[in-house]
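*Asks:* Read top to bottom, the protein sequences are chains A and B.
Going by our numbering, the first residue of the first sequence is number 75, and it counts up by one from there.
Going by our numbering, the first residue of the second sequence is number 9, and it counts up by one from there.
The set of hints was computed from the structure by calculation and includes no laboratory data.
Built from N, CA and C at the ideal position, the CB exists for glycine as well.
Careful: at least some of the hints might be erroneous.
Stated by the list, open to error - Straight line, CA to CA, 25 Å or less: simulated DSS-like cross-link-like pairs of lysine-lysine:
| # | chain 1 | residue 1 | chain 2 | residue 2 |
| --- | --- | --- | --- | --- |
| 1 | B | Lys-537 | B | Lys-578 |
| 2 | B | Lys-578 | A | Lys-125 |
| 3 | B | Lys-622 | A | Lys-125 |
| 4 | B | Lys-54 | A | Lys-125 |
Stated by the list, open to error - Here are some of the chain A residues that sit facing chain B, going by a computed Cβ distance under 7 Å:
| # | residue |
| --- | --- |
| 5 | Leu-93 |
| 6 | Ala-95 |
| 7 | Leu-116 |
| 8 | Ser-117 |
| 9 | Asp-118 |
| 10 | Asp-122 |
| 11 | Gln-123 |
The residues making up each chain are set out below.
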Amino acid sequence: MDVLIYLIPASLFLGCIGLLAFVYTMRSNQYDDPDGNSQRILSDEWDDQPKP
Amino acid sequence: MTAALRPSAAACPGCAIGVPEAPEVVKDARIMLSLPTIHCSGCISKVEKALNEHPGVHEARVNLTLKRVSVEADVAVTADALVGTLAGAGFEAHELDADTIAATETDKAGRALLMRLAVAGFASMNVMLLSVAVWSGAEGVTRDMFHWISAVIALPTIAFSAQPFFINAWSALKVRALNMDVPITLAIILALVTSLYETANSGHHAYFDAALTLTFFLLAGRYLDHRTRAIAKSAAEELAALEVPRAIRLDDGAEVEVRVAELRVGDHILVRPGGRMPVDGVVTQGTSEVDRSLLTGETVPLFAGPDTAVSAGEVNLTGPLTIRATAVGEDTSLHRMADLVAVAESGRARYTPLADSAAKLYAPGVHILSALSFAGWYLYTFDLRTSLNIAAAVLIITCPCALGLAVPAVTTAASGRLFRRGMLIKDGTALERLAQVDTVVFDKTGTLTQGTPELTNLGDHSRRDLQVALALAEASSHPLATALALAARDARIKPADLTDLTEVPGYGIEGLLKDRKVRLGRASWVGAKAGQMTSTYLHIDGNDPACFTFADRLRDGAEDTVRALIKDGKQVILMSGDTTPAVEGLAERLGITQWVAEALPGDKAARIAALTDKGAKVLMVGDGLNDTAALAAADVSMSPASALDAARVASDIVLLGKTLAPIPEALTTARKSTRRISENFRIATVYNVIAVPIAIAGLATPLAAALAMSLSSITVSLNALRLR
């Protein structure tokens, strides 16, 4: 079971990455407009070139 | 909404001449617009495209959830110009007061709660996975290691995530009271302490996962609760922000558009026909009629000439008036009404929310049970460690996890459902109070009626009279004239040929019919005797005056609503500040047997207080300033979106559409949701009845605690969702 010594820190580290990603999305206002975001992804307006 | 009708600053070229251009400021202006009609991705790109092509606009971003667009633009760009651009693209838009909205934009409390929820969720899942290893039979050193890792994750997480509960519990304990947060805090702390002690002594059971899951579920309930309230609050603030309060001040004869907040006593203010008085004042110039219906409920417009006192909130009807401000801002009669409201606000204070009454029964019960099992086991085994362990298990198992979700889950589902039907629930306990209602009190003007008149005696007049009256009425924008013209046009009457048409503001319209003088207007002006009904008089030189009577046009759904409420066994009462014949007529039309006319604001509140003293649960529906005190005195209150700001603030529920139709349905939904809440309490109790004996018997393992907690929480949430 010595492998746990590597596995547990590794899994916690990966979990922390997820948590930090969530914090980032929250800080950058990505939960302010859930309805709009679900509709925007369907728009093909910027499909050919990125929004300037 | 008045916002769209406001004269635009940029579209009036005359105003700009002679006024020096504002110096170019580098900082961009931020403009917020409300877009009530957008609903799809096509709308988003059309709106953003239209706005981005508008000269001076740097960036426009639509928020579909809030149905708003925020625009970064040069200072020179005005909201009215943008509203025009959007109207060209086919979208209805209204300006929002950016200062009022700013408060809701960054919902700091909501974010902090979401953050705590996320951290608790992350930690509880990790610890749960570690616990799975322990439950499946990890032994000795491995188990101890897993417990220690769990402790390292759990302690900082609890310290961060469970803070709201600790703070609430502490503030309750400080005033020697018990709330739901006291047993929660005790359970979490006791679970952590015993688990740490067990871990240090290589014990079998640690409750780190239970403490974290508990925090997670409870935070989820809190977050739901907060979201419901935040949505209602932001929608209510949006209604307030729609009325950008501006007035036209006369500075040495020049018209300057200023914010109402900048007006001072002694300022001269121009109020155009159709505009609302921004302040209390005295008329110095011009004659007109004013509509006081929002303040008093009277439907008949009153004459206003020099030296007439006018109050903020009255609407100027026919001619431009110049008024000298005598009271501004907080001193206006509009604001003084707030004092009445503060006195009357008892309906809400009397009510104990279901959750609180549950907590009152529950919190002491849990503590006593836990203390008893500790004492019992200690006396039986004289083993402090075992008895503490069991006391902690009892607290964790009984902890009101499902109870914490029972109310918010249902209110969230119910408010969401009613919001889609056009009702805004502003207060968390409004639904519970609405469910008990057995008496419904309606205001007349502006609530059951639209406040716009309708001609009632078209058939009594000769064709020629009608032709003359139509020709005269079409020259005015007075509400009675408009209603007369509309009815005559509908009856296919052609206007007579009149010459020299002139409107005499405050009195009526006159003209010449082949050298005979004709007049349409006030009774005294045309030489008629004034009757009791709302009416206008036609006088053709040489003939007797003819009387046109009017009744208020009913609001959409008013008849159906009243009928549905009476059929439902509710007592329906009509209370109005209007004259007796007008109120009696409407009551008969709608089949309401109990009515009160000529009621002063204080009367209304007193009558409602008398009703509640007799044990009735009163729902008050009203819109005017004269209703505010009554709205606050009733057990639960509603107002239409067209109501004055003060009335909307005083009411628990705002009807967003133009119709009254959602009221009966709201009562049904409220009853249903209260039933769901008590069902949820029962579900939680059943779980406790099963789990508590097991815990007291000392058979509760951390696995059993985790299962009981998750199962009850999920059942409660699913039961709430059935309401959708």
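*Asks:* Decide, hint by hint, whether the structure agrees.
*Replies:* Here is what the structure says about each hint:
Taken as a hint, the Lys-537 of chain B and Lys-578 of chain B pair is broken in the structure, with Cα atoms around 41 Å apart against an allowance of 25 Å. Distance check on the hinted pair: Lys-578 of chain B and Lys-125 of chain A sit about 58 Å apart at the alpha-carbon level, beyond 25 Å; violated. For the proposed pair Lys-622 of chain B and Lys-125 of chain A, the alpha carbon gap of about 66 Å is over 25 Å, so the pair is violated. Note on Lys-54 of chain B and Lys-125 of chain A: the hinted pairing holds, with a Cα-Cα distance of about 15 Å set against a maximum of 25 Å.
Because the beta carbon of Leu-93 of chain A sits about 5 Å from the nearest beta carbon in chain B, less than 7 Å, this interface hint is met. Checking Ala-95 of chain A against chain B: minimum C-beta separation of about 10 Å lies over 7 Å; hint violated. Interface hint status for Leu-116 of chain A: upheld, as the beta-carbon distance to the closest one in chain B is roughly 5 Å, under 7 Å. Given hint, Ser-117 of chain A at the interface with chain B, holds; its Cβ is 4 Å from that chain's nearest Cβ, closer than 7 Å.
At a threshold of 7 Å, the smallest CB-CB gap from Asp-118 of chain A to chain B is about 9 Å, leaving the interface hint violated. Given the 7 Å rule on beta carbons, the hint for Asp-122 of chain A is violated: about 14 Å separates it from the nearest Cβ of chain B. Nearest Cβ of chain B to the Cβ of Gln-123 of chain A: about 15 Å, over the 7 Å cut. The hint is violated.
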